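> Quick mapping for you: the protein sequence lines, in order, are chains A and B. The first sequence begins at 1 in this note's numbering and counts up one residue at a time. The second sequence begins at 1 in this note's numbering and counts up one residue at a time.
Treat the hints as calculated values from the structure; they're not laboratory data. No experiment lies behind these values; they were computed from the predicted model shown. Among the hints, erroneous ones may be present.
The list treats identical chains as interchangeable, and a pair is accepted whether it falls inside one copy or across any two copies.
Below 25 Å or equal to it, Euclidean Cα-Cα: the simulated DSS-like pairs (lysine-lysine) are [to be verified]:
id, residue 1, residue 2
1, Lys-243, Lys-193
2, Lys-311, Lys-296
3, Lys-296, Lys-41
4, Lys-180, Lys-168
5, Lys-186, Lys-143
6, Lys-292, Lys-166
7, Lys-312, Lys-168
8, Lys-311, Lys-85
9, Lys-228, Lys-143
Number of protein chains: 2
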Amino acid sequence: MGGDFAPRNVLLGAVEALAMASNRFEIILVGPEEKLRNELKQISTGHAKFTFAEASQVIDMHDAATAGIKQKRDSSISVGMTLHKNGNVDAFVSAGHSGAVMSTATLILGRIEGIGRPTIGTFFPTVEGVCLLLDAGANVDCKPQHLYEFALMGSIYTKEMFGIDKPKIALLNIGEEETKGNEAVKEANKLLKQSSLNFIGNVEGRDILSGEADVIVCDGFVGNVILKFGESIPAFFKHQIKKVIQENLLFKLTGLVLRSTLRKAFKSMDYEEFGGVPVLGVNGVTIIGHGKSTPKAIRNMIFRAEEMARKKINSRIQEAIQQ
Amino acid sequence: MGGDFAPRNVLLGAVEALAMASNRFEIILVGPEEKLRNELKQISTGHAKFTFAEASQVIDMHDAATAGIKQKRDSSISVGMTLHKNGNVDAFVSAGHSGAVMSTATLILGRIEGIGRPTIGTFFPTVEGVCLLLDAGANVDCKPQHLYEFALMGSIYTKEMFGIDKPKIALLNIGEEETKGNEAVKEANKLLKQSSLNFIGNVEGRDILSGEADVIVCDGFVGNVILKFGESIPAFFKHQIKKVIQENLLFKLTGLVLRSTLRKAFKSMDYEEFGGVPVLGVNGVTIIGHGKSTPKAIRNMIFRAEEMARKKINSRIQEAIQQ
Numbered sequence: 001m002g003g004d005f006a007p008r009n010v011l012l013g014a015v016e017a018l019a020m021a022s023n024r025f026e027i028i029l030v031g032p033e034e035k036l037r038n039e040l041k042q043i044s045t046g047h048a049k050f051t052f053a054e055a056s057q058v059i060d061m062h063d064a065a066t067a068g069i070k071q072k073r074d075s076s077i078s079v080g081m082t083l084h085k086n087g088n089v090d091a092f093v094s095a096g097h098s099g100a101v102m103s104t105a106t107l108i109l110g111r112i113e114g115i116g117r118p119t120i121g122t123f124f125p126t127v128e129g130v131c132l133l134l135d136a137g138a139n140v141d142c143k144p145q146h147l148y149e150f151a152l153m154g155s156i157y158t159k160e161m162f163g164i165d166k167p168k169i170a171l172l173n174i175g176e177e178e179t180k181g182n183e184a185v186k187e188a189n190k191l192l193k194q195s196s197l198n199f200i201g202n203v204e205g206r207d208i209l210s211g212e213a214d215v216i217v218c219d220g221f222v223g224n225v226i227l228k229f230g231e232s233i234p235a236f237f238k239h240q241i242k243k244v245i246q247e248n249l250l251f252k253l254t255g256l257v258l259r260s261t262l263r264k265a266f267k268s269m270d271y272e273e274f275g276g277v278p279v280l281g282v283n284g285v286t287i288i289g290h291g292k293s294t295p296k297a298i299r300n301m302i303f304r305a306e307e308m309a310r311k312k313i314n315s316r317i318q319e320a321i322q323q
Numbered sequence: 001m002g003g004d005f006a007p008r009n010v011l012l013g014a015v016e017a018l019a020m021a022s023n024r025f026e027i028i029l030v031g032p033e034e035k036l037r038n039e040l041k042q043i044s045t046g047h048a049k050f051t052f053a054e055a056s057q058v059i060d061m062h063d064a065a066t067a068g069i070k071q072k073r074d075s076s077i078s079v080g081m082t083l084h085k086n087g088n089v090d091a092f093v094s095a096g097h098s099g100a101v102m103s104t105a106t107l108i109l110g111r112i113e114g115i116g117r118p119t120i121g122t123f124f125p126t127v128e129g130v131c132l133l134l135d136a137g138a139n140v141d142c143k144p145q146h147l148y149e150f151a152l153m154g155s156i157y158t159k160e161m162f163g164i165d166k167p168k169i170a171l172l173n174i175g176e177e178e179t180k181g182n183e184a185v186k187e188a189n190k191l192l193k194q195s196s197l198n199f200i201g202n203v204e205g206r207d208i209l210s211g212e213a214d215v216i217v218c219d220g221f222v223g224n225v226i227l228k229f230g231e232s233i234p235a236f237f238k239h240q241i242k243k244v245i246q247e248n249l250l251f252k253l254t255g256l257v258l259r260s261t262l263r264k265a266f267k268s269m270d271y272e273e274f275g276g277v278p279v280l281g282v283n284g285v286t287i288i289g290h291g292k293s294t295p296k297a298i299r300n301m302i303f304r305a306e307e308m309a310r311k312k313i314n315s316r317i318q319e320a321i322q323q
C-alpha cells in the first residue's frame with residue numbers, strides 16, 4: 001500500500017483490475033491487514049478475492065531511499081519485494097516512495113547479469129504517440145556504457161510492450177552533430193552507432209515531444225529535470241490563461257469551454273495517464289506509480305506488470321546484454 | 001547583420017531603436033554596405049543616421065562556432081567584435097549564429113580576469129515575472145567553480161538590470177536536499193552556501209516557472225535541453241488543442257477566441273519576447289538574439305546592450321570575482 005491516496009485508490013484499482021481481467025491472476029495486498037480489510041468493507045468489491053501479506057511499516061516521503069532495506073524492513077515495499085524475490089508473486093507494483101521502490105528492487109531482487117545500473121524511465125506524449133525517456137532520475141553521473149544499457153533495455157521494452165518492430169533509439173544531446181555534447185554523450189554516441197540497435201542519432205530538447213524517437217536516452221540528472229519541468233507546464237499555462245481570460249469579456253464567456261478544451265489537451269502531458277513506469281534491469285518485474293495514482297492508474301500498473309511478466313522482458317534483456 | 005530575417009528585421013529594429021532613443025546613441029551597421037544601403041532605401045528610416053562597417057562574409061548555421069576567428073574573419077560577427085575590442089563601439093549585438101558570437105566574443109574580447117568560463121543564459125517566464133537560467137548551452141562538463149561563477153554573474157546582472165536588490169540564486173538539482181544530485185552539483189552547493197550570494201538552495205525542474213528564484217544555475221547541457229524543450233511546448237500544445245477542437249462543435253465555434261487566448265498565454269513562453277541574452281564573463285558587452293528576431297526584439301537587444309554598457313556590469317563582475 002503506497003501513494004498519497006492509499007489504501008483507498010490502491011484497493012479500488014486492484015478491484016477494477018480483477019474485475020476486468022475476470023480473475024485470471026491473483027493479487028496479494030501488502031500492508032496492515034486489519035486496516036485493509038476494514039477499507040475493503042467500505043467499497044464494492046464484486047467477485048474480487050484477495051489474499052494479504054502483513055506489513056506494519058510505512059516508508060514516507062521523508063525517509064531515505066534506502067529505508068526499505070535498512071530501518072523499515074517491515075514496510076509494504078520490502079515485504080512485497082521479498083515475496084517477489086522468493087517467487088511467491090510474479091510482479092510487484094507500488095505507488096509509494098519511488099526512490100525506495102527503486103533501491104529496494106535493486107538490492108532485494110538484484111541486477112540482471114551484465115547490467116551496470118537498473119533504470120527508471122518516464123513516458124512523454126508526442127505528436128505521434130508516446131516516447132520512453134530513460135533515465136528519469138535514478139542514475140546520475142552516468143558512464144557511456146550505462147547510457148548504452150538504457151538504450152538496449154528501452155528498445156526491448158518498447159518492442160515487446162508496444163509492439164514496435166524496430167524501436168527508434170535516440171541520444172539526448174545539445175546538437176545533432178556527433179561532435180556535440182559532453183564527454184559521456186560523445187562516447188555513448190559511438191557505442192550506440194556500433195550497436196545493433198536502431199539508433200537514429202542525437203536529438204535535442206525540442207525533439208522529445210515531436211515523436212521522432214520511441215526511446216530517448218539521457219543521464220538521470222537531465223531526465224529528471226525535464227520530467228519535473230514538463231509536469232509543471234500545465235499548471236503554469238493554466239495560470240497564464242487565467243490572466244488572459246480575465247482581461248476580456250469575450251474570453252470570460254468562453255472560459256468554461258476553454259477550460260475543458262485545455263484539460264483535454266493537457267491530459268496528454270499528465271504523467272498520471274501513463275499509469276506507472278517499469279524498473280528496468282532488475283531480476284524481477286516492478287512498476288512504480290505516481291504518488292497521486294488514481295484507481296485507473298493502479299489498474300493499469302497491474303495490467304502492465306502482468307504483461308511484463310508474461311512477456312519475459314527480463315529474459316529478453318539478459319539475452320541481449322550477453323550478446 | 002545576422003539572423004534568419006537579416007538584414008530587413010535588423011535594420012527595422014535599429015531604426016526603431018534610434019527613433020525611440022531620440023538618437024542619444026549611435027549605431028554602426030556591420031555587413032555588406034551596398035546591400036544594406038539598398039535595403040535601407042526601401043524602409044522608412046525617419047531621422048535615423050547610420051555609419052557602416054564593411055563585412056563581406058556571412059557565418060551560416062552550418063559553420064562551426066569557431067568560424068568567426070578562423071575561416072571567416074571578415075564576417076559581420078568578427079568585424080563587429082573587433083570594432084568593440086578596439087573601443088570603436090561600446091557594445092555589439094547580433095541575431096546571427098549564437099555559437100559563433102559566443103566563441104568570437106570569448107576569443108576576441110577575452111575573458112574577465114578571474115572568470116573561468118563565460119556564459120550565456122536564457123530567460124524563462126515565471127508566475128512572478130522572469131528567471132535567468134545560466135548556462136543555456138555554452139558550457140558542458142562544468143566544474144563546481146564554473147557553476148559558482150555563473151551564479152555570481154547572474155546575480156550581478158539581475159541586480160543591475162532588473163533592479164532586484166538581493167537576487168535569489170538557486171541551483172538546479174534533482175532534489176532539494178543538499179545530498180542530492182551529481183558530484184559537480186553537490187560541490188557547487190557547498191561553494192554557493194559559503195558565498196555572499198543570496199543562495200536559496202537547490203530547486204527542481206518544476207520550480208523553474210514558479211518564480212521561486214531570480215537566477216537558476218546549471219550545467220549548459222541541462223540548460224540547453226530545458227531551453228529547447230521549453231521552446232517546443234507551445235507548438236506541441238497547439239497541435240494537441242487542434243485535435244481537441246476538431247472533436248466537438250462547441251469547441252469548434254469557440255476555436256477562434258481560444259486561439260487568440262492561447263497565443264497571448266503562450267507568448268510568455270516565447271524566447272523571442274525577451275529579445276536577446278547577454279554573454280556574461282567577457283571583456284565587453286555582447287547580446288545574442290534569437291535567429292528569428294523581430295524588429296522589436298532587435299530594438300530591445302540594442303537597448304539592453306546600451307544599458308549593460310552604461311551600468312558597467314563587467315566592472316561589477318570583475319570587482320566581485322576578485323573579492
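> Measure nothing new, just compare the shortest in-copy and cross-copy C-alpha distances for Lys-296 and Lys-41 to 25 Å and report within, between, both or neither.
Cα proximity of Lys-296 and Lys-41: one copy only (20 Å, versus 65 Å across).
> Give the relationship of Lys-311 and Lys-296 under a CA distance limit of 25 Å: within one copy only, between copies only, both, or neither.
Close inside one copy (22 Å), not across copies (57 Å); limit 25 Å.
> Taking 25 Å as the upper bound on the Cα-Cα distance, should Lys-186 and Lys-143 be classified as within, between, both, or neither?
both (11 Å within a copy, 18 Å between copies)
> Cα distance capped at 25 Å. Does Lys-180 pair with Lys-168 within a copy, between copies, both, or neither?
within (20 Å within a copy, 32 Å between copies)
> At most 25 Å between C-alpha atoms: does Lys-311 with Lys-85 qualify within a copy, between copies, both, or neither?
within (18 Å within a copy, 65 Å between copies)
> Checking Lys-228 and Lys-143: alpha-carbon separation at most 25 Å within a copy, between copies, both or neither?
both (23 Å within a copy, 24 Å between copies)
> Checking an output row: Lys-243 and Lys-193, CA cutoff 25 Å. Within, between, both or neither?
Neither way: Lys-243 and Lys-193 sit 48 Å apart in one copy and 36 Å across, limit 25 Å.
> Cα distance capped at 25 Å. Does Lys-312 pair with Lys-168 within a copy, between copies, both, or neither?
within (21 Å within a copy, 50 Å between copies)
> Between copies, within a copy, both or neither: which fits Lys-292 and Lys-166 at Cα up to 25 Å?
Result: close neither inside a copy nor across copies, 33 Å intra and 36 Å inter.
Comparing the model with each numbered hint stated earlier shows that hints 1 and 6 do not hold.
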